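Novice: Just need the whole structure built from these sequences, with the hints factored in.
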Amino acid sequence: MATTVLDGPPNLAALYARAALTGRGRGGDLPDTHLARRGVTVDRDHLAAYARVCRLPFTDVLPATYPHMLTFPLQMALMTDRAFPLATVGLVHVRNRIELLRGIRADEPLDVEVWAERFAAHRSGATVDLCATAAVAGEEVWRSRSTYLARGAQAPAGAPEADVEVVVGALERPAATWRVPDDAGRRYAKVSGDVNPIHLSGLTAKALGFKRAIAHGMWVKARVLGAVANRLPEAFAYDVQFTKPLFLPSTVHLATGQVDGGWDVAVRNAGSGTEHVVGTIRTLEEKH
Amino acid sequence: MADTAKPRRTAAIVGGNRIPFARSNSAYAQASNQDMLTATLDGLVARFGLQGEQVGEVVAGAVLKHSRDFNLTRESVLGSTLAATTPAYDVQQACGTGLEAAVLVANKIALGQIESGIAGGVDTTSDAPLAVGDDLRRVLISLNNARTMGDRLKALAKIRPGQLVPDMPRNSEPRTGLAMGDHQAITAEEWGIGREEQDELAARSHHNMAAAYDRGFFDDLVTPFLGLARDNNLRPDSTAEKLAKLKPVFGRGEGATMTAGNSTPLTDGASAVLLASDEWAAAKGLPVLAHLVDAQTAAVDYVHGGEGLLMAPAYAMPVMLARNGLTLQDFDFYEIHEAFASTVLSTLKAWEDPAFCKDKLGLDAPLGSIDRSKLNVNGSSLAAGHPFAATGGRIVASLAKMLHEAGPGKRGLISICAAGGQGVVAILES
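One line per chain: the protein sequences are A and B, in this order. Be aware that the first sequence starts at 1, since it is given in the working numbering, and climbs by one per residue. Be aware that the second sequence starts at 289, since it is given in the working numbering, and climbs by one per residue.
It should be emphasised that the hints constitute simulated quantities derived from the structure, not laboratory data. None of the values given here were measured: they were computed from a predicted structure.
Estimated spans, in silico, between C-beta atoms of each pair:
#1 A:179 with B:339: 30 to 38 angstroms
#2 B:341 with A:41: 32 to 40 angstroms
#3 A:109 with B:430: 48 to 56 angstroms
#4 A:82 with B:358: 50 to 58 angstroms
From the three backbone atoms N, C-alpha and C, an ideal C-beta is built for every residue, glycine too.
Specialist: The structure is reproduced here in structure tokens:
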């Protein structure tokens, strides 16, 4: 395994441009590369902007979804590198699991590292997991696993079966109705730097095969977190499956259910009932 | 009629919490009122182990409040670690908000309607609500009501460029158009309050508060927020000599004495106080620092009546003292809110003045002077800053702790002036 340490965050717009140009993906196995940044400090103005766009409380503690802001650019750099076997354009984020091992203060410098693993066979292609970890002075405090689906791609021989499903109990009663506006993708893109064209406008989304612009899955995930942020234990796992795209604009229902050890959540279209996100939040009893 | 009133119970002050106060557009520039109040409630909850618990009521408010924050306190409770079943309501009495909130909670506890409650306040002058001007507001309402495209265009055609400039909230009196400082400058001149004594009072406030921080007095009263651990207006090295160099900002000409140094700056911050019945505190194993014995409000006619805008506490005080059979000298600590150094000084001078006490307060003898060494001993608003609605909670919690440290049977007095010519005073006893 080779670890490359970067001095600063990669430029996501440039990476998307590279992804569009370099096109199709090389095939073959996943690279063994790890990308890392050391001693990353959180910019409080950025944290404030993130909290505002995701409707999260703005405090001295990072929302569990925030370290993804620091690791996602590294993951994009990994995925758009020519050593990566799959085409970045067309990858669909289907699942994200975050484990917050303890509360992280905004003034703690973080060492972050990302890598790809678990090339798996899926009934409509192949999946790959983009993993990330964040540590404070050598102590791992956060980890994340984003599963991406490449439709039509072929996993290498002997690959395991994809694991993309998150199972929740019956969630019939909506806790909240959200009007997700037309510009929700642009607003989150501005803060997160995730300028994937499928989120920015109907026109750019159409070019990539979507009928309308779609909301960022990680934005929906963060907004759901905001709805229960004050009712969570210090350490928890927050696992969501992005089931169907949330087209913009939309009116959606958030359904929440308290279960033993945490919450089950779902975001569904208010009219059609189409499920966009289902997730579980569970107490982590001990650090692994 | 015989006095049949039973000795009523008084509310205990269990403790308090606040975030450090920050000068406008500094550390909390990105924080909303709700962010600050929620963080402050959570700090209080953590301090007293109330996670997931329902308290009787949470009462708080903000002076500068956006209309979407109509339920600011309840929304903050819902975002806090308190039980979602905790009722809450908002109050607003300008700079009196925080103390009035404590009085409201204490009264319900005294009546047995609740056993516990949290009183608080928050204000931001950084994330202040802007309003569209009244003319534009009317155009937008008629636009919203328009049924046809023609009506909409007609409504839109009424918009003028000048209307697009929003109304900034200002620290001025709607009926007089004068800034609070300009009002106080008139009062200071009437009472002959000198520049030097104002600067001395301001320097002492900074020194007292810095010393209190240094000996750890605020360790269990303040929780750091957004990287700030102390009030960032605090100048431990402030001196009357340095303050004397500042140019007056309120008042005019020779008589102008009020500067940015002896007036409070615009500030962001929040505070909260936990009150309870003695029984509730004992059942939870929580301390009782002091009791809120009594309170009184008053208001003056500063528009047509010729009284100073910030002189209402002078009127509230003798009413409360008489009701409790106390004199102004019967206290171990005095907390007089330093809106301006000259507010404290003109209030004290009024209580010493035989003519004012006779003609305005209807007293046979003046209330007299106080021992200045007992005044604002851990600093006040000139040092900490003054996020309007948060000042009451800061004072109540600090005074309760001072009284507790001094031992049982000690008395403290609070006096807070407020915009609109109002004032709130209260007695705490350990």
